[in-house]
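Student: Put together the whole structure using the sequences plus the hints.
Line by line, the protein sequences are chains W and Y. Quick note: the first sequence uses the working numbering, first residue 1426, plus one each step. Quick note: the second sequence uses the working numbering, first residue 7, plus one each step.
Just so you know, the hints here were simulated from the structure itself, not pulled from any lab data. Heads up, the beta-carbon is just placed ideally off N, CA and C, and yes, glycines get one too. Don't take every hint at face value.
Keeping only pairs whose Cα atoms sit at most 25 Å apart, straight-line, the calculated DSS-like set for lysine-lysine is [unchecked claim]:
| no. | chain 1 | residue 1 | chain 2 | residue 2 |
| --- | --- | --- | --- | --- |
| 1 | Y | Lys184 | Y | Lys212 |
| 2 | W | Lys1533 | W | Lys1518 |
| 3 | W | Lys1478 | Y | Lys212 |
| 4 | W | Lys1441 | W | Lys1484 |
| 5 | Y | Lys116 | W | Lys1528 |
| 6 | Y | Lys35 | W | Lys1506 |
| 7 | W | Lys1518 | W | Lys1441 |
| 8 | Y | Lys35 | W | Lys1445 |
| 9 | Y | Lys89 | Y | Lys247 |
| 10 | Y | Lys35 | W | Lys1488 |
| 11 | W | Lys1484 | Y | Lys212 |
| 12 | W | Lys1518 | Y | Lys184 |
| 13 | W | Lys1518 | Y | Lys212 |
| 14 | W | Lys1518 | W | Lys1478 |
| 15 | W | Lys1518 | W | Lys1484 |
| 16 | W | Lys1528 | W | Lys1518 |
| 17 | Y | Lys247 | Y | Lys116 |
| 18 | W | Lys1441 | Y | Lys35 |
| 19 | Y | Lys89 | Y | Lys207 |
| 20 | Y | Lys35 | W | Lys1533 |
| 21 | Y | Lys214 | W | Lys1518 |
| 22 | Y | Lys124 | W | Lys1478 |
If you want the ones that stay clear, here's a sample from chain W, every Cβ over 10 Å from chain Y, calculated [said to hold, decoys possible]:
| no. | residue |
| --- | --- |
| 23 | Asp1467 |
| 24 | Phe1471 |
| 25 | Trp1473 |
| 26 | Arg1487 |
| 27 | Arg1491 |
| 28 | Ile1492 |
| 29 | Asp1502 |
| 30 | Tyr1511 |
| 31 | Asn1516 |
| 32 | Cys1517 |
| 33 | His1520 |
| 34 | Asp1539 |
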Amino acid sequence: MHELSIVMSIVDLATKEAAKHHASAIEEIELDIGCLSGIDMDSFDFAWQQAVKRTILEKANRKVNRIEGSARCSDCDTHFKMVQLYDSCPNCKSHLAEIVRGKELKVKSLVLPD
Amino acid sequence: MCATCGCGPTSHHEHDHGHSHENTQKTGKTIVDVEQDILQENNLLAARNRGFFEGRNILAINLVSSPGSGKTSLLERTLTDLKGTLSFAVIEGDQQTANDADRIHATGTKVTQINTGKGCHLDAHMVLHAVQGMKLSADSVLFIENVGNLVCPAMFDLGEQERAVVISVTEGEDKPLKYPDMFHTSTLCIINKTDLLPYVKFNVEKAKEYARQVNPSLEIIELSCTSGEGMQQWYDWLKSKVLTPA
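Tutor: Okay, structure coming up:
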């Protein structure tokens, strides 16, 4: 249940950013969560409901961009979609690949009320 | 969330995370482009730990596994066998009890116990505080035994140089495929309890194949803390990672 730690980090980060702008609430938060980032979205949703209570994010609308995994084969340079970390290159079957996208775990933006 | 000093999210160490951009829409609402990694706080503290370790030539190894794979037994035997050869210290991470720290202490090794309470993993912040109280000697090896959990600790860099994932032959050989994140982020895989192979259906070659599918550069050592088989290979690996001072 590391998702709880992740949500608490988001609350922490959002609280600091909002304070910089003297905002007392956040209307919307946009997150990038890659499909290879190790986050289980069901656990994340559950943790979110609990962890945002009585915080600046309690009423915030949450927008999550799920970013599909993609990788570049280190042997033949083929770019391919990676669903699991053990997916092999569809061209040469090599497992030696560099992940290009899908590990994202980021707060992209906040919308603050006027 | 801090289990070692009680400091919470609001009193966390402050870091300046660069700048953010904002623009105000016609509606009067402000959009702030944050663009920050959620794990940034942990990663910064991990970098700080790593710098401390490098400066003192301390080899920090994060030991991860599911509960009961034999991490503590591996440490007990290693600390006993290599006593006088290398200088060691240990950080033990468990949700509750100081049982593991007591076992390490019995080998005569400096040890600190971190109890995470409800926490399912160690983070860089906990390790930072543990290290502050340890007076680690230079040119030593620091084992950080993580909470027994093959999922959560994978995401949290502690500042270690090496991450060793331990599995035992009493588990399924498909562990690397079921828990790929942990194997993906590890540098060494130890297959423990090989003395039990005659009694279980564990296929070592399959396990190694799966582990390398997830992480082709993963080093793999098979050993038994009970019989001692394979321990020499582990000790050789350990010594090869220790930078002896010039």
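Student: Are the hints correct? Go through all of them and say.
Tutor: Evaluated hints:
no., hint, in the structure
1, Y:Lys184 with Y:Lys212, "holds (13 Å)"
2, W:Lys1533 with W:Lys1518, "violated (35 Å)"
3, W:Lys1478 with Y:Lys212, "violated (46 Å)"
4, W:Lys1441 with W:Lys1484, "holds (17 Å)"
5, Y:Lys116 with W:Lys1528, "violated (37 Å)"
6, Y:Lys35 with W:Lys1506, "violated (38 Å)"
7, W:Lys1518 with W:Lys1441, "violated (46 Å)"
8, Y:Lys35 with W:Lys1445, "holds (15 Å)"
9, Y:Lys89 with Y:Lys247, "holds (17 Å)"
10, Y:Lys35 with W:Lys1488, "holds (17 Å)"
11, W:Lys1484 with Y:Lys212, "violated (49 Å)"
12, W:Lys1518 with Y:Lys184, "holds (20 Å)"
13, W:Lys1518 with Y:Lys212, "holds (17 Å)"
14, W:Lys1518 with W:Lys1478, "violated (47 Å)"
15, W:Lys1518 with W:Lys1484, "violated (47 Å)"
16, W:Lys1528 with W:Lys1518, "holds (22 Å)"
17, Y:Lys247 with Y:Lys116, "holds (21 Å)"
18, W:Lys1441 with Y:Lys35, "holds (18 Å)"
19, Y:Lys89 with Y:Lys207, "violated (35 Å)"
20, Y:Lys35 with W:Lys1533, "holds (16 Å)"
21, Y:Lys214 with W:Lys1518, "holds (17 Å)"
22, Y:Lys124 with W:Lys1478, "holds (19 Å)"
23, Asp1467, "holds (14 Å)"
24, Phe1471, "holds (14 Å)"
25, Trp1473, "holds (13 Å)"
26, Arg1487, "holds (13 Å)"
27, Arg1491, "holds (15 Å)"
28, Ile1492, "holds (14 Å)"
29, Asp1502, "holds (16 Å)"
30, Tyr1511, "violated (4 Å)"
31, Asn1516, "holds (16 Å)"
32, Cys1517, "holds (13 Å)"
33, His1520, "violated (5 Å)"
34, Asp1539, "violated (3 Å)"
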